[in-house]
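J.: If you want the building blocks of each chain, they are given just below.
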Amino acid sequence: MRTNRRTFLGQSSVVTLGAMPALACRGASTAALPKSNRDGKVLVVIQMSGGNDGINTVVPYSDEGYAKHRNTLRLPVDRLIKLDDSAALHPSMRSAADLFEDGRLAIVQGVGYPNPSRSHDTSMAVWHSAEIGDENTLRPHGWLGKAMDSRRAQAGADVSNAPDMVLLGDESQPLAIQSRRSIAVALSNLTDLRLRGPRWEAAEQGTRNSASNSLENFVGQTMQNAMATASALEQTIEQSHRGGVVYPSTQLGQRMQVISTLLKCGFQTPVYYAIQSGYDTHAAQMPTHAFLLREFSDAIQAFLKDLDSSGLADQVCVLGFSEFGRRVTENGSAGTDHGTAGPVFIAGNQVRPGLVGAQPKLLDLDGGDLRMGIDFRDVYQGITANWLGVNQDRASEDSQHSLKIFKGSLS
Amino acid sequence: MMVQVELSSWQPYRPSTASPWDLRRVHHLHRRAGFGANWGELQRDLDSGPHAAIDRLLLGNDVAEDFDSLQHLIGDAAVSSSDIHRLKAWWFYRMLYSGDPLTERMTLMWHNHFATSNLKVSNVAFMKVQNDKLRKNAMGKFSDLLRAVVKDAAMMVWLDARANRKDKPNENLARELMELFTLGVGHYQESDVQEVARALTGWTIRDDAFVNVEAYHDTGPKRILGRQGSFDGDDVLAILLDQDAVAERIASRLCDVFFGENVVPAGQLNELAVGLREHDLDLRWAVETILRSEAFFAENNIGNRILDPIQFMVGTLRSLERVHPPPSTFLLAEWSARLGQDLFCPPSVFGWPGERAWLSTRTMIGRANYATALLQGELHRPSQPIAIEELAQKYGCSTAECQTRFASELLFGNDHQTGDVGWMLRSTSANLG
Numbered sequence: 403m404r405t406n407r408r409t410f411l412g413q414s415s416v417v418t419l420g421a422m423p424a425l426a427c428r429g430a431s432t433a434a435l436p437k438s439n440r441d442g443k444v445l446v447v448i449q450m451s452g453g454n455d456g457i458n459t460v461v462p463y464s465d466e467g468y469a470k471h472r473n474t475l476r477l478p479v480d481r482l483i484k485l486d487d488s489a490a491l492h493p494s495m496r497s498a499a500d501l502f503e504d505g506r507l508a509i510v511q512g513v514g515y516p517n518p519s520r521s522h523d524t525s526m527a528v529w530h531s532a533e534i535g536d537e538n539t540l541r542p543h544g545w546l547g548k549a550m551d552s553r554r555a556q557a558g559a560d561v562s563n564a565p566d567m568v569l570l571g572d573e574s575q576p577l578a579i580q581s582r583r584s585i586a587v588a589l590s591n592l593t594d595l596r597l598r599g600p601r602w603e604a605a606e607q608g609t610r611n612s613a614s615n616s617l618e619n620f621v622g623q624t625m626q627n628a629m630a631t632a633s634a635l636e637q638t639i640e641q642s643h644r645g646g647v648v649y650p651s652t653q654l655g656q657r658m659q660v661i662s663t664l665l666k667c668g669f670q671t672p673v674y675y676a677i678q679s680g681y682d683t684h685a686a687q688m689p690t691h692a693f694l695l696r697e698f699s700d701a702i703q704a705f706l707k708d709l710d711s712s713g714l715a716d717q718v719c720v721l722g723f724s725e726f727g728r729r730v731t732e733n734g735s736a737g738t739d740h741g742t743a744g745p746v747f748i749a750g751n752q753v754r755p756g757l758v759g760a761q762p763k764l765l766d767l768d769g770g771d772l773r774m775g776i777d778f779r780d781v782y783q784g785i786t787a788n789w790l791g792v793n794q795d796r797a798s799e800d801s802q803h804s805l806k807i808f809k810g811s812l813s
Numbered sequence: 009m010m011v012q013v014e015l016s017s018w019q020p021y022r023p024s025t026a027s028p029w030d031l032r033r034v035h036h037l038h039r040r041a042g043f044g045a046n047w048g049e050l051q052r053d054l055d056s057g058p059h060a061a062i063d064r065l066l067l068g069n070d071v072a073e074d075f076d077s078l079q080h081l082i083g084d085a086a087v088s089s090s091d092i093h094r095l096k097a098w099w100f101y102r103m104l105y106s107g108d109p110l111t112e113r114m115t116l117m118w119h120n121h122f123a124t125s126n127l128k129v130s131n132v133a134f135m136k137v138q139n140d141k142l143r144k145n146a147m148g149k150f151s152d153l154l155r156a157v158v159k160d161a162a163m164m165v166w167l168d169a170r171a172n173r174k175d176k177p178n179e180n181l182a183r184e185l186m187e188l189f190t191l192g193v194g195h196y197q198e199s200d201v202q203e204v205a206r207a208l209t210g211w212t213i214r215d216d217a218f219v220n221v222e223a224y225h226d227t228g229p230k231r232i233l234g235r236q237g238s239f240d241g242d243d244v245l246a247i248l249l250d251q252d253a254v255a256e257r258i259a260s261r262l263c264d265v266f267f268g269e270n271v272v273p274a275g276q277l278n279e280l281a282v283g284l285r286e287h288d289l290d291l292r293w294a295v296e297t298i299l300r301s302e303a304f305f306a307e308n309n310i311g312n313r314i315l316d317p318i319q320f321m322v323g324t325l326r327s328l329e330r331v332h333p334p335p336s337t338f339l340l341a342e343w344s345a346r347l348g349q350d351l352f353c354p355p356s357v358f359g360w361p362g363e364r365a366w367l368s369t370r371t372m373i374g375r376a377n378y379a380t381a382l383l384q385g386e387l388h389r390p391s392q393p394i395a396i397e398e399l400a401q402k403y404g405c406s407t408a409e410c411q412t413r414f415a416s417e418l419l420f421g422n423d424h425q426t427g428d429v430g431w432m433l434r435s436t437s438a439n440l441g
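For the protein sequence lines, the chains are Z and P, in the order given.
Anchor point for the first sequence: position 264 equals 666 in our numbering, and the numbering is continuous, going up by one each time.
Anchor point for the second sequence: position 250 equals 258 in our numbering, and the numbering is continuous, going up by one each time.
No lab work stands behind these hints: they were computed from the structure.
Hints should not be assumed to be uniformly reliable.
As the list claims (entries may be wrong) - One-sided and incomplete, this derived list gives chain P residues near chain Z with beta-carbon spacing under 10 Å:
1. Gly311
2. Gln384
3. Gly385
Remember, it's a predicted structure, so these values are computed and weren't measured experimentally.
Even for Gly, the Cβ is constructed at its ideal location relative to N, Cα and C.
Extracted from the complex, chain P is given alone in its bound form (with noise of 0.2 Å):
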């Protein structure tokens, strides 16, 4: 049952003289919620309106026809060679194909905030059941997302709930549960950890599934935030779920991915999480709130969120309908893991720092790198270099140049820069969107 709440700073975007729905705004959608757009795309959702635009990426059902059956293969063999890096490219292959882009960007968030690294797992069957239940869940009841995602065979040896037995507990899962999955720093005690670590004996894995073996459990009560009884490991994910700080910690990762420095206040931020919790922790609603909130489309939150390496990548790719013939989805992995952002092999639980980390001297030679490396074709086999005159051509600009205020608007959705395509993509702006 849906309670109705009045989010009193979360009212829809209306289309105004102060922010119109023009180019940069459609542009801003597509960077953030997804993986970047097309000329024709960006044209499609700029004549059709904000509403059917953000429609479009909420149903995600733009799919070419062959995707699935394609992404399938691709994936099931990634799993039998037992190469994480064609499960990279897997993904990749998603990224850039998918017509559902939105679930994209959240399962790589909740890949981020459920860090989980095939450098310990080891085990990529493991990792594609994993990323595949992120994947499902993505849009759905946080609460259905952490069942499937801590009860999983990666989770468990990541966080060697196999070393946690009876008498001889191991708090590795008990604390990330609780101060990254869950509640974060300051919503629990140092004791909390250690009983809830108890109610998690048990849990463990047994020819590659999940299995709650009694004989490894304590029985013995606990007290766990204020609760006592002998709690198991399902007990304790009912008593977080029902923290207040869950939805928070919910709501400011949903933030961090929509919304760039600075923007969100901490009584919007509020407000998004006393709605989450209306709402029974629905990422949907929570997704779709922030998109088609006035705060999502203003002035300051557009150009003001340091591109992550695979949107820097894969943004560029789509923008430049570099996708037909497919570039390497293999060299694209390597790229990204030379950016900083090595799919399946986050550095460390708590995922990727994000944000300004994601430049260092040796990801900005890396991104310049890219550019050049995509402006001359390297990306695709046999090599295709970069012709923007064409592309704009083919959109009715004939003259230089009309061909430098396209390729501004494409990329970044503004006729600010000037230069040729390369110059574009070392500059500023290319890092930010």
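Excised from the complex, chain Z in its bound form (with noise of 0.2 Å):
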């Protein structure tokens, strides 16, 4: 037997990637949904990746300085959404607005770190690695990879065989969720978890011999999970398509749509991940802006309603990042160039919401920069310890405090 030449490049030359036909829904289940069984604290960052124009989103409208630096992108106070008589949310952020109303949204002001780079790649990476310094600062791991990879140690061997950290969408993994020995996947659709063909768990009863050893058990077992799993994961859906809380159909909606749908159906990854670009708004800033924003809030509010139908909107949280903030004068074209500092935003029944920090003054810059108000890292030490439960070495020089996001006992 040859591998014949021609036969093989032929056939393997062509790049098929996996489109695989979505499986039918099954006939119309009558049974109710299985309870997620899932346990844990959830974490859903949303990276907003360009830098977000802070000035923009959270308006500091009593300012005098807005009137003064922004002209062309001066959005009308009258639209905006007030949130105190000095901070109003964008006119396109009303669902937003509807959070911090509902005492479900914190808004973290001023958010940075020292001596700020404006590259998009350093930024993002110090974001990421919560590592200050210049391009050439080693960062071999992420925040989050970081907090996995401690929460691995913690546990010992409870931790399940599900990955750390989920990648929603197709884009490369970010430097934050990459680790020294945690596990991040990346999921582009839920098709990679429906089950296609034949259920197969009856193929289980006639096991040969009753006295098996444990592993057999143990790839039964788990045999048994992955046929539940896809099973709720179709009766999920199917519910979805059936009046279940309707999302926007932007690329982000239906990617926390994606996460919902996998804690429901019991999954226990503690971390999800998903991107959300277009904030480089170097010119004709103000429509691009607006849909950013709206599409951003949206989809927060589509799956905390979700969740909350579903029992477990008190085990998730939120986090909403920029690399930098932008500039307070607007450049020449209708846009913004890099800046700062900016707000970062938290989200979820047990935040403790409403406006945190002091309001970036805008007659009060650094070089033509906001000042920051708050390290970032400050917010992921209050998400990490308080919200993951994660007890991670700190570097006592970065003297770093953890701020308080969360309601009560979580402090």
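Build the complex from these two chains, which are given one at a time in their own frames, with help from the hints.
T.: Here is the structure:
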């Protein structure tokens, strides 16, 4: 038997990316959706890539500097959604404002780091790794990767086989979820989790020897769990087709829906990561920015509403961040250039709501840029310690504090 | 010079009534030491006896005549395309068609040991060079393997050797060199990591190749594992290779590959390590010792290891004779990533966690879906659904009952399975081997 050169080359040079036919919905199931058996806290990170213009996101509308620095990009004050007598949300963030009013959204203002870099790559790497420094700084692992490594070390053998981190989408794996030994996987769609062909649990009924060893039991049990999950997934999807919460048909909206589906099906992964790109608005910023902020706000609102109706909302926290804010002064093409500090969003039932940190002052600038109010590492510390329950060794020289982000005993 | 050591617990396997040379053991040999075998190969080895069968695996010369030129062509094309998916497909081609599956298996083991990911290296040529080094030294002396792989462009990038400079050491390579590549945790101190990092300064890459830059090297005195001297990187490798812990670590790595759960007791592992030291860390000696041993063919070492995704996939394709015409190796690479084993992209320096961690909800559904895709012929273009009846008839099975038994024996080396092939491929046993 010989490999035929032509046949081989001919066939293998066709790259067929696994576009597998979606499984047709199984016959409508009358059984109630199994209650999700997931436990533990979940963090969903939304990366607002490109540098979000924080000033037109959480607008310091009563600051005289706003009118002074923003001419074509000044949002009309009467259309802003006012949070208090000095801060307001962008008009397209109605959903976020609702969450704010419901007490489910915290907005941390003026978040940044010392000696900020205005390079997308470097600054994103800083946020990803929580290591401050220039592009030559070594950053082998991400902050979430490190947190998951610590979690594994704490939990010992008790960690489930579920991946520690899931990236939704087909972007390359961000540094934030790279780690020394935890597992991060990418999931671009749910097809990978849907069972094709016949179900096979019955195959295990006639196990040949009942005194089977523990490994066989393990495989059998994993199989049963996978079957149950696949089945729950079918039902969850079916149910959401029949008048569940409606998600916006944006890319981020769809990704949030996938995360919610995974949670409802009992996935034990604690960290989910989704990337929303497009914030690099150097020109004609207005329409793009409005779309992005609406996409962001609507997706989070739909997600939390969906989780509420599934009884999972208390377990979930959403973090939205960008690698930097933009310059206070607009440029000549109705856009803004790379700046420094910006707002960070934290949403969820257990979040201590409201505006956190001092509002950036637009007339007290540092070389034309906002001064940083809160170090992003304090936000991370609040999340890893108080939400994910991970104790990490802190470098004392960084003198980091944990930001009080969560309610009650979660502090 | 070889010193003959008494390996009391590694005595050679001799067929007996209690452990006969039967189909089950032939099947076991191929599944563990290679990527499965087809019916003809199983029967051939059953007839020839264990010695000849193991010889064949160790010699690995059962090569199709155009294999080497084809793999070169595909590998070179992958490198010039800079597309890592093509390199993955190249390796799948090798695993499907190599006449030396044991070496491919060992190469995979070393890829896991010296786990390097293209996600960071981001250079297909580097990854291929490293892979070729792993293969070339897979069954040679561990010292050669270590020296080749540690001084390698992909490794330099992966473990930040370029950032390791005099007065500004970076410990990444130093730590993994000791913790993962040679000694294992517990056999060195944190101070050793720091000192090794200093000794390794100067190692970097220039023009895509390893260089030792004197100006970056910290020439000062160091204290490493109790020894004192103005050590450099080569000295470090010599010192590490001189530690007893290295043989222990390799022995345990090899036993992970060739044995299932709770099979090798500590004493036996230790004896293998002693033997490795006596044989100058000769990997071929160790692999041969294992494959010829009573322990390898013992009842408690059969069917008690969770197959890695590649064994699960390639083994089935080879058994079912689905390699002529060839399946799409691109699709195979995608499937293996979906099942948790993305070649050239291990999840971390620890490699794939393996064993029970291969099976999660996601990968279990993936395995079932792979079986469906395989049976429906979707791995081939145009698609070619599998008709087990035809294969069974080719080997003289005409009744349905006989065909079921044939499929069970072909896939599992026993006749315990019932139902159709799809049923069998989704059973517990399909994940064990």
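J.: Where does the structure disagree with the numbered hints, that is, which hint numbers, in rising order?
T.: Hint 3 is the one this structure does not satisfy, whereas the remaining hints hold.
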